[in-house]
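Which chain is which? The protein sequence lines are A and B, in order.
Quick note, the numbering used here runs 587 ahead of the 1-based positions in the first sequence.
Quick note, the numbering used here runs 588 ahead of the 1-based positions in the second sequence.
Any given hint might turn out to be false.
Chain A is nowhere near these chain B residues, computed Cβ spacing over 10 Å in every case [unchecked claim]:
(1) 592
(2) 596
(3) 635
(4) 639
(5) 685
(6) 687
(7) 732
Straight-line distance between alpha carbons at most 20 Å, and here's what the computed DMTMM-like set of lysine to aspartate or glutamate pairs gives [to be verified]:
(8) B:683 / A:681
(9) B:683 / A:679
(10) B:653 / B:675
(11) B:641 / B:675
(12) B:677 / A:679
(13) A:592 / B:698
(14) B:739 / B:720
(15) B:608 / B:633
(16) A:592 / B:720
(17) B:594 / A:671
(18) A:632 / B:678
(19) B:677 / A:706
(20) B:660 / B:675
(21) A:752 / A:732
(22) B:629 / A:679
(23) A:648 / B:668
(24) A:648 / B:696
(25) A:675 / B:678
(26) B:653 / A:671
(27) A:698 / A:681
(28) A:713 / A:701
(29) A:686 / A:628
(30) A:686 / A:626
(31) A:694 / A:711
(32) B:653 / A:681
(33) A:612 / A:624
(34) B:657 / B:675
(35) B:723 / B:675
(36) B:641 / B:621
(37) A:675 / B:668
(38) A:612 / A:704
(39) B:594 / A:672
(40) A:686 / A:636
None of these hints come from the bench; they were simulated from the model.
By construction, the Cβ of each residue, glycine as well, lies at the ideal position given by its N, Cα and C atoms.
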Amino acid sequence: MSFMKGISPIRRTTNYLNASPLVLKRRVKILTVNFNENEEEEHHKGARDFVFWNLPQVQYKNPNVQIVTFRNLTPSPFITCFLEDNSKILFDVDSQSNKEIMDRLVKTVGKSKELLEEEALASEAKSNPANFCRRLGFDRHCICEMPGQVPCPIMVPVPKHWRGKWWNQGHRYEEE
Amino acid sequence: MASLLKNSILLGQVIPSTLKNAVKVQVPYFVFDDRLKAYFKKTEDFVAEDLSKSCKTGDVVVIHKLEHKVKKEITHSVFERVYKFGDIKDPISGKTVVSNQYRETLDEIDRLYGATHKNFDYESAPERGRLEGTKDFTDKPIYRKWHEFEKDDPYGINN
């Protein structure tokens, strides 16, 4: 870990951020956490820990979900999930530890392990390293950069009789 | 800008605005800084049409993206008011709440201390918004004023 300043900087490592099992189902669009910051309110401790340790992980795995926290609004802590079809799921997390909260969320609104493995396989198949085009994320921009192939016409002009333009304009019938 | 803002539903807080038939909603979202590997909060304002006309400044609302825009600026419409400003209801118990106490508990404490009448009777009081423009200046945005006109605008502040 380098440049690790601040409280618990392990939260700011890619390994840690990727380690969350919670990938929300596609219909969950907004996740709201309500909790209180006062240290004396022990029943909020789990929710507080969830926000401190696990919320960055959840947002990293779900970049298109809006995550909002509300502090010191109500006496009891809870989590609300707003779905695409305008319904809400309310989780009462009073006196639950952050691990329990995480497990509960994975069980109800998270994609299952099998589904995640399937998706991982599908995404691997898409990124075929044999493809070209750096703009689309592949390694090589054109076949002209491979040794043994025709060099880029920017550097070395292509022989005239290989060009479609020359061929179709009738130059092939000309006597040299 | 974050692709999150293109979602069909968003959650935000109503902010003061001078719009007549719509509300301005401030939506908070997190942006990931690649080098620091941390999330930083940013906000984006949207103009949403309020069909029921019941949303006031400070309310937390859920807005839906409009498929066909009647006006170019009004991009969303208010779907649901999650928390009413000042009269927040705890969704688990359904009771009105003040920060970390129920209003019932506060009344009970007052009664046990021997209060003869309640501090402020919320049940019999009229709806909030009665003093807008006279004593409550949170409905429209505030600005600094640099000249004294004959007709004093209460939304302009000296210093």
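Review point. Between residue 648 of chain A and residue 696 of chain B, is the straight-line Cα distance small enough, at 20 Å or below?
Key: violated (46 Å)
Review point. Would the pair residue 594 of chain B and residue 672 of chain A pass a check requiring their Cα atoms to be no farther apart than 20 Å?
Key: Holds: residue 594 of chain B and residue 672 of chain A sit about 16 Å apart, inside 20 Å.
Check your understanding: Is residue 732 of chain B truly not at the interface, in the sense that its beta carbon sits beyond 10 Å from all beta carbons of chain A?
Key -> holds (30 Å)
Review point. Under the criterion that the straight-line Cα-Cα distance not exceed 20 Å, is the pair residue 648 of chain A, residue 668 of chain B satisfied?
Key: Not satisfied, since the Cα-Cα distance of roughly 27 Å exceeds 20 Å.
Review point. Is the straight-line distance between the alpha-carbon of residue 653 of chain B and that of residue 671 of chain A 20 Å or less?
Key: holds (12 Å)
Point to revise | Hinted pair residue 686 of chain A and residue 626 of chain A, Cα distance within 20 Å | key: holds (19 Å)
Review point. Taking 20 Å as the top limit, are the C-alpha atoms of residue 660 of chain B and residue 675 of chain B close enough?
Key: Violated: residue 660 of chain B and residue 675 of chain B sit about 33 Å apart, past 20 Å.
Review point. Between residue 675 of chain A and residue 678 of chain B, does the CA-CA distance stay at or below 20 Å?
Key: It holds: about 15 Å lies between the C-alpha atoms, which stays within 20 Å.
**Study point:** Agreement of residue 594 of chain B and residue 671 of chain A with the hint, judged by alpha carbon distance not exceeding 20 Å
**Key:** It holds: about 13 Å lies between the C-alpha atoms, which stays within 20 Å.
**Study point:** residue 686 of chain A paired with residue 636 of chain A [C-alpha distance capped at 20 Å]
**Key:** holds (9 Å)
Check your understanding: For the pair supplied as a hint, residue 629 of chain B and residue 679 of chain A, is the alpha-carbon distance within the 20 Å limit?
Key -> Violated, because 26 Å separates the two Cα atoms, which is more than 20 Å.
Review point. Are all beta-carbon distances from residue 687 of chain B to chain A longer than 10 Å?
Key: violated (5 Å)
Violated hints, listed in ascending order, are 1, 2, 5, 6, 10, 13, 16, 19, 20, 21, 22, 23, 24, 27, 31, 32, 33, 34, 36; each of the other numbered hints is respected by the structure.
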